[in-house]
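Undergrad: In case you want the letters, here they are:
Number of protein chains: 4
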Amino acid sequence: MSLYSETFYADAINRLFSERETIGYMLKVEAALAEAQASLGIIPKEAAMVISASCNVDFIDVNKLKTDIVLGGNAAIPLVQQLTKIIKNTDFEASKYVHFGATSQDIIDTANILAIKEYITWTEEKILLLEKVLVQITNQHKGTIMIGRTLLQQARPITFGFKTAGWLQSVTNTKKRVQAIKSQLFHIQLGGAVGSGNITITEEVQAKFAEILGLEKSFPWQSQRDTLNDFAGILGVLSGSLGKIAKDISLMMQTEIAEVFEGAAEGKGGSSTMPHKRNPVTCALILSNSTRTPGLVSTMLAAMVQEHERSAGYWHAEWETLTQLMGLTAGSLEKSLDLIQHLEVSPEHMLRNIEITNGLIYAEKVSLYLSKSIGKMQAHEAVKKACKSAVSEERHLKEVVQEAFPDITDLETLFQPENAIGNSVSWVETILKNYNTD
Amino acid sequence: MSLYSETFYADAINRLFSERETIGYMLKVEAALAEAQASLGIIPKEAAMVISASCNVDFIDVNKLKTDIVLGGNAAIPLVQQLTKIIKNTDFEASKYVHFGATSQDIIDTANILAIKEYITWTEEKILLLEKVLVQITNQHKGTIMIGRTLLQQARPITFGFKTAGWLQSVTNTKKRVQAIKSQLFHIQLGGAVGSGNITITEEVQAKFAEILGLEKSFPWQSQRDTLNDFAGILGVLSGSLGKIAKDISLMMQTEIAEVFEGAAEGKGGSSTMPHKRNPVTCALILSNSTRTPGLVSTMLAAMVQEHERSAGYWHAEWETLTQLMGLTAGSLEKSLDLIQHLEVSPEHMLRNIEITNGLIYAEKVSLYLSKSIGKMQAHEAVKKACKSAVSEERHLKEVVQEAFPDITDLETLFQPENAIGNSVSWVETILKNYNTD
Amino acid sequence: MSLYSETFYADAINRLFSERETIGYMLKVEAALAEAQASLGIIPKEAAMVISASCNVDFIDVNKLKTDIVLGGNAAIPLVQQLTKIIKNTDFEASKYVHFGATSQDIIDTANILAIKEYITWTEEKILLLEKVLVQITNQHKGTIMIGRTLLQQARPITFGFKTAGWLQSVTNTKKRVQAIKSQLFHIQLGGAVGSGNITITEEVQAKFAEILGLEKSFPWQSQRDTLNDFAGILGVLSGSLGKIAKDISLMMQTEIAEVFEGAAEGKGGSSTMPHKRNPVTCALILSNSTRTPGLVSTMLAAMVQEHERSAGYWHAEWETLTQLMGLTAGSLEKSLDLIQHLEVSPEHMLRNIEITNGLIYAEKVSLYLSKSIGKMQAHEAVKKACKSAVSEERHLKEVVQEAFPDITDLETLFQPENAIGNSVSWVETILKNYNTD
Amino acid sequence: MSLYSETFYADAINRLFSERETIGYMLKVEAALAEAQASLGIIPKEAAMVISASCNVDFIDVNKLKTDIVLGGNAAIPLVQQLTKIIKNTDFEASKYVHFGATSQDIIDTANILAIKEYITWTEEKILLLEKVLVQITNQHKGTIMIGRTLLQQARPITFGFKTAGWLQSVTNTKKRVQAIKSQLFHIQLGGAVGSGNITITEEVQAKFAEILGLEKSFPWQSQRDTLNDFAGILGVLSGSLGKIAKDISLMMQTEIAEVFEGAAEGKGGSSTMPHKRNPVTCALILSNSTRTPGLVSTMLAAMVQEHERSAGYWHAEWETLTQLMGLTAGSLEKSLDLIQHLEVSPEHMLRNIEITNGLIYAEKVSLYLSKSIGKMQAHEAVKKACKSAVSEERHLKEVVQEAFPDITDLETLFQPENAIGNSVSWVETILKNYNTD
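Residue numbers (the numbering used here), protein chains in the order written: chain A, 613 to 1050; chain B, 613 to 1050; chain C, 613 to 1050; chain D, 613 to 1050.
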């Protein structure tokens, strides 16, 4: 539909949720149903073979199918009609057993889970790669001093690796969430009309059907969408975590700060009017995605109140929403991997920025030091006063403090950035022990 | 991207926001810019003519453009590159003046407004048609008695026209809102790099550019997105109003209620497993849309906090979001028109349903009647008690009340539905005076 | 702030997040910090004892604190000021060590986690109770025949226990999610100014601090909010699952359906104007909550893109949002428990409703039966035709089918509801094996 | 409920939506109903006088009322009960006519509109004040040169007044929207049980009732919530526009940029650990609000699909949501006024920042200049190359360009910021003509 189908998304995932692939998964499910029923003697083995052989997306008139969806309200109805017609033409007997005892939602939901399974395989691979480059950059920069910032103000020095270690941990957390949800998510949907099964949809059929498709047996969840929404939530969180990384990088790329840069590529990040600019284009796209995913998660959640055994509208609201949520999150993931892999870091500019406050950023360190002798509140007030003088007189805080507290001997030490980074390095090292840093 | 591109949307609007049309609008804007600048002597007239002639979507390599968006972060950058290259091949001099002094956002935003203008033309037509069929159905059924329901419970009788008059008014309200926003929305975006203009983008160029495109002159609104969001809000409200109509109809279509039905069409509303069902398929799609639009509006609003003179991400978040919001709302509008046009109404079932409570729905009427003699709270309690007896003894409320208050003489009148519809008819007639009911 | 503070929420949780309790948790954290630092010799043991003793909400001027928040932007700043002042009045030396080396976010986040821990304890208790009553009702009604409905249309019979088994499973799924997140969520926040620690905030201090508070040691997550959002997502899903239950019940309570009812209580569910009504008041409140929670989850997710080491606005957006999300979800949980505990079920009305379609609901069963001899599509068409005749001629489907297929001998069996419930009973029994049904 | 009730909100609006005020408005509506009915002879004049006199919030047991809401599901039911009881104690006859023929929603919706009317009066005053200070700052700084930034990168110079003129226009746009919605929003709700009126709720009663309350007569809009949602949308847009201002200011306050500052106040913006910091506290609170309001608007929109004549849950979802949306927007408005009124602007730092790129920001100007002789694309490429050299050799762009194009004579002029601000000043002056700048 949109000019931007490649801008915000990942190619592989666009393909996975393409029309053809979606139909392909539905056909795979129809075939599996016939095979399961045949293996249990519910339908003839020959019929199942014919059905299986006919479950080929090349036989389907996709445009007609898309148009027909509007009549029945879902994609399985016209697909089953086409499939039955195809089979009837060659084997009337077999055509009796297409979609035998099943309902549209059985096919659509199970096919969707199959696609989600592929999606998760892809996602886990990308997460592992992202984790790996984040471990590398964290290890490499665990000692690279930069200023830490709170409320967009310079606060106290940290190291760049300390910052990226935070990014890394959020990604690892998502990795674990994705791992944990798989056993609950990879479930078949198979229950017939109202989910209760029937003589052709027995517990044994469910088991066989699940086995063929590589999924877990499950009680129907036709209008119980909690696990699907749990998954949507995990995607929303991942998109948010990646948005946080992009936000940090875009802020550090500001002309006045210039501490990191997106990797340069031919034609990348250029402005049509300002040839000198180096725009945080990848960050912008990731941030755009993380601006959009919360609304999609909320739509999924709003669609949970599904009436009775199948909803009139809420189920339908999931279809494009979840696909788009997966697509945008995949896009962010792929872009984040590219972003971190090619990130250019400028330790020089990081050091330069530490100096621009004329020592004000060491104020807390001085305050903490003084508090031992004169008390915390008192030190806080004294240093606050010294800071004001430093600012108004455009002097370095070190000088002002030295004047106010001439007895302090180790003032120089207090104003060295490497002494102000707290436990940045050791804490990063603790974290990195959980990863392979080779 | 999706199998459902025709399910939830309107064909005409899908085409309007197709890749080719979107590029076409951008090219139209580039041509208008050249023409405006030429008419004011800023660029040579010959150059403008060459540029105009080259602004043809057939010359554009759309796939390359889509791929290149990722590099620059928006569609105008690769479009201008392709356009300049095309022109350079034939007229080197003219190629100097392509996109002269403009910035990507000038092109994208103005092109978007042009598309929105078309969208609104289409929308206004559909709203007028919907208004017309709602006026018809309201007029036709202003006296058709049915039960009014609150909290999903039968309450007191109304008429079906009274219900549809409410639907009608919400649609008319949106019509007025759309009408009112046009003068604020149909504004050019033209300001160059940071919106401040330059020697090639003067107030005169803006005026001429606006005139050529049939839009209003405007101070740049590059990162002031309030009017665009006001428009998004109007769409969200329309989608909600249509969702309310679909909700009512889907509830009235329940098997146990059966008061109205979606028009039957060959193959429509069928279930793959239950041949007898008459599913509210159109309602389900409209409700699906109204479940999704709130999240899209919230994304638009969340994207308002755009940094400085052009945002790094929030502007980007608008693109697909607004298109999708327009698409879904257009889909709901077209489907609602079809829904109301072909709605089958069953006055018999409406009357039947009025009787199923054994007179309980007249309780308020009795209560109000009694309150004149014994007081409101007292009447309320007395009638409550009578209702309990009626229910437990499975008797008609009329009998129970007659026993409790033997002096009432005009009890029969109280229990006639036509006497219980309040001012339904006269109020509907008052409303219909605002419309042409011929 | 609102008249409705008791309407949508749970009293116990309102108290937990009251002003006093919130301050109390922050003071508990300040005390724990002093104790941890004292135990490691970083501050004098006497100071810690004084600080601990002063960490009493009764000493705090709550109104002043609330007013002062606006100045510093968070609650910890004025709290530390008041606390320090209180201590300075009695023990100047001890006052030096209040909030020693910590930052506001350390206190607020850790205090919030302590409250969340209490919240989860309460929630788990309620979930267990809800699970218990759902197991009971499921067991009791595993064979109670009712109609299953899809797209708000009667479809095929199920049992009421089959429906409630679905509700039960969604609640159990949430129980497991809550159980699983605890180990990730119950983490301290302690890192000082920018999260990197300092000489007074060492890894040892973190460990001791965590131990005192009964939480886990953790690397600071000041602007990494993924786990908090994972928790928000779980709440959103729970609220949605409970909304689904309330939706089902409110629909079944419709006057025309009347299959279940909210338990009657003196004054409950009454309408001010219609004394006979039995409104689904509890359902309405739960549905109201599930309408509101998706927006709150989306706000949490939108707030994830927190700048650098502490955000300017996004962190702040979490505070009331998460509290409200917890509050509404707790309200829904408590109300759902009450709803299910006192639910009145009418098996008679359930049976009555099965009959109102003149056998149409058995159409799929007939279709499936016929498909064995004449093929699925063919049977579908034949039964569709029979249904049309039955409707137009107001006859029972059984008669019409008998006429069309006089050879069928066991037609009666096909039209008995107990033969049409598929595997409802056995599947419910399988599910119930996972629970204690005594 | 929350410690933060004063942090994010405005005191005046907190009071307006306090429990007592809310009840007060409902009582005002009950009184107006009685008066209207008495004036038309529907109820005795004496009864109306007694009812009016009893409609006093001091007579109401607020705590009992709050508890009782849960039973009936809305605040009007227990209020009418208390009111009737109070009146019955003194005048049994009058007690019969309390809430005569009305329904809960009539009272709650109309009372809400009365409160909204007050809210809008307050809001319009604040908007006018904000507009005034924005006009002042725009006028004062129309020539104050600063760098314009796109995608967080320095782009081309503008003036600070040019930036604030954008802020100003968005606020003026909202002023007009608020003005325009009043005639549609200030409508009574009065229709009785199902909205259709009855013998005590006639068109004449509606007219009189409206007149007494200073509102417009209206057909009931019990489940048609489009106008209320249009209003919610306007608030969402205002909150977003104010968020954009706060975003800009918070970014300009960054330590490395330091172009503007929130006004200093005793104790304001301090960090508990970093005495030197000057946090954008007010910006953070406004941004927090603009992060939260989109989710609230989406909840309002999601609640539009209200069933039949009164919804079971969606109406309820509006109550706290709209109040909170109004509260947060009012908070942002009051805070924005304070923010702009006390904003400290540093023209020196603005000029300093313009210089930090060694002339790179003039690249577009040079490019545009060169394009006249060598063509746009060619100039773009040449300048791009020059920029690269300037960066890698750490030289000023002016020198590099001079070397590459030795023939250019007026190079100095190209690199003067006052020549690079385009039409900033004249455009601002055009805008200011719409305002009183005295």
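It is worth saying that the hints were derived from the structure and are not from the lab.
It is possible that part of the hints are untrue.
Claimed, not checked - Partial selection, computed: residues in chain B whose CB lies under 7 Å from chain C: (1) S614; (2) S617; (3) T867; (4) E868; (5) S958; (6) H961; (7) Q1014.
As the list claims (entries may be wrong) - In silico DSSO-like cross-links for lysine-lysine, where the CA-CA straight-line distance does not exceed 30 Å: (8) D:K678 - B:K657; (9) D:K996 - B:K744; (10) A:K697 - C:K794; (11) D:K678 - C:K676; (12) B:K794 - D:K787; (13) D:K788 - D:K744; (14) B:K678 - D:K997; (15) A:K676 - C:K744; (16) D:K678 - C:K729; (17) B:K640 - B:K829; (18) C:K1000 - A:K996.
All of these numbers come straight from a predicted model, not from anything done at the bench.
Ideal Cβ placement from N, Cα and C applies to all residues, glycine included.
Undergrad: Hint by hint, note whether the structure agrees.
TA: The hints, checked one at a time:
{"no.": "1", "hint": "S614", "verdict": "21 Å, violated"}
{"no.": "2", "hint": "S617", "verdict": "22 Å, violated"}
{"no.": "3", "hint": "T867", "verdict": "4 Å, holds"}
{"no.": "4", "hint": "E868", "verdict": "5 Å, holds"}
{"no.": "5", "hint": "S958", "verdict": "12 Å, violated"}
{"no.": "6", "hint": "H961", "verdict": "10 Å, violated"}
{"no.": "7", "hint": "Q1014", "verdict": "16 Å, violated"}
{"no.": "8", "hint": "D:K678 - B:K657", "verdict": "75 Å, violated"}
{"no.": "9", "hint": "D:K996 - B:K744", "verdict": "59 Å, violated"}
{"no.": "10", "hint": "A:K697 - C:K794", "verdict": "53 Å, violated"}
{"no.": "11", "hint": "D:K678 - C:K676", "verdict": "27 Å, holds"}
{"no.": "12", "hint": "B:K794 - D:K787", "verdict": "17 Å, holds"}
{"no.": "13", "hint": "D:K788 - D:K744", "verdict": "15 Å, holds"}
{"no.": "14", "hint": "B:K678 - D:K997", "verdict": "26 Å, holds"}
{"no.": "15", "hint": "A:K676 - C:K744", "verdict": "50 Å, violated"}
{"no.": "16", "hint": "D:K678 - C:K729", "verdict": "28 Å, holds"}
{"no.": "17", "hint": "B:K640 - B:K829", "verdict": "17 Å, holds"}
{"no.": "18", "hint": "C:K1000 - A:K996", "verdict": "86 Å, violated"}
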